[in-house]
Amino acid sequence: MTAFYEDYYAQTDADKRKKLLDDMDFSTENPMEGSQQEQPAYQLIRTLWQMRYVDPKSGRRVDLFLWEILELICLYGNARFLKKSTQKDARKALKALGVQEAEKYGREGEEILYQELCNAVRLYLHTCESKSYHKRLFGLSEMKEPEWQKKVSKDIWRLSTGVPRRLDMTREFSVLSKAAKDEFCRQFENGEALLREREEEFTHGKNQK
Amino acid sequence: MEKIKNNRVVRAIGFNRIVLIGVIILLYIMFSVLTPLLHAGTTFVSYERIMSALNYAYFIGFMALGVTFVIATGGIDFSIGPVMFASAVISGYCLTKYNIPLPLCIVISLLIGLAFGILNGYFVAYRFLPSFITSMASMQIAKGIGSVFTKTQTVTWPGTGNDNSWYRYLVKWNNIPTGFIILCLVAVICAIVLHKTRAGRYMLCIGSNKEAVRLSGVNTKKWEMLAYMICGLLAGIAAIFYVGAYTTVQPGLGDTFNNEAIAACVMGGTSMAGGLASILGAIIGAIIVALMQEGILAMGFTISYQYVLTGLIVLVAVTADIMSRKRKN
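These protein sequence lines map, in sequence, to chains A and B. In terms of the numbering used here, the first sequence opens at residue 1 and continues consecutively. In terms of the numbering used here, the second sequence opens at residue 1001 and continues consecutively.
Everything labelled a hint here was simulated from the structure, so no lab data went into it. Do not take every clue at face value.
To be verified - Computed from the model, here is a short list of chain B residues facing chain A with C-beta under 8 Å: (1) 1131; (2) 1193; (3) 1195; (4) 1199; (5) 1205; (6) 1209; (7) 1215; (8) 1217.
We put the beta carbon where it would ideally sit given N, CA and C, even for glycine.
Sequences and hints are given; from them, build the entire structure.
Structure, rendered in structure tokens:
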């Protein structure tokens, strides 16, 4: 793994990532393996940056991957009543997350997409540290650490397991599910245990809303 | 219990909603048995009682629908009741004192509700004031404005038989509960807006993780404000249904209805932390509140007991929500 690769995927700021991309001399180095040029990988990284940070309509700087993650978490509630239309929405979200694009590049494309999604999930987890995420009771009080951890793990469980399972789309979600689980477990020491608890809640009929 | 919860049908409808429908049936049976015992010569099982309970459910239902949008964004609106009364009082005063045409008065009522929604939304979304404080302040403003405008006079909208009484058909027409049909239609529209449109997704996601929505490039202020505007507009609609059912409104009142609408909404499964909302639940919650109110009156208790009951409903609904979250955690 090259230094570029490590820096690029560790960074969550769009502009800094763009600078890293622009500064990288791809004519001599493959971002993934440090070997001689391999244009497709470079192209995909660029394409994913474009898909993620540039609004196709207005050209504004956005983070569409972050938005799609949020949208997929919210879809969990809809999936129960409106399965078909929610499946359509989920496919749209996955397309916006670059799943179709990455498929064109085979195994390598999947790896690049995985890293990009891990980066997006990491940013999502950072936003969960904000004050607004801690609010409860109409914003009158704030939740404590254990309750907060469980709220975050619920979001990640929905994203990685709940939505794909409810929509029968586990195959389509495979890269995103893996990225969400892996990144959560990297950020939270007890990540695996928390996700297991959410899974148990589901099998016991809770976590249904 | 787990077997029931894991049943496909129960999962599809939602265990919470099934419990609420069960509560409606239980309450109806309970009041039907207790009413003749506690209030001799009175019966609860009648078409009139159902219509009377529905009259109450309409305006509470509209307010509950409105407040669902606000709670979905993680906020709260304690001004809906007084805003509803202010809308009803001011538009009614325009109708009876200034002879403004009825359709225009209905529009005025909606605009007053919308104006309060804009006021609340602006201060919460753009000035970052806590929704609790903002809505408390606008509650006082709404009560005051209604009183000042009408010089504290009670306003009576035209009763049946009057040329201007067609607005009452919105509530009931030839014994058909048109109000219920309209409430269901509005609920369907609200559900589509909340769950199937980008605006609704933004509102739900703001309630779930506002910072992530902001970072993804969404104008959180605009969509948060829209939630308050929808709430205000629905308070204006609720005002028309209130006068359609009762015709008389007093200025400076309405705060008790806040609690009932919020309780209906929370009972229905809308999370007090935001990010999760149930339109169907809000309607079922409003029917429960209305049924309890009708039951209390049928059993011969005074309005004071109704206030006690409203307080208890809020306590039970909020405690149940907290307990269920604690149990899950």
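Status of the hints after comparison with the structure:
| no. | hint | verdict |
| --- | --- | --- |
| 1 | 1131 | holds (6 Å) |
| 2 | 1193 | violated (13 Å) |
| 3 | 1195 | holds (5 Å) |
| 4 | 1199 | violated (13 Å) |
| 5 | 1205 | holds (5 Å) |
| 6 | 1209 | holds (5 Å) |
| 7 | 1215 | holds (6 Å) |
| 8 | 1217 | holds (3 Å) |
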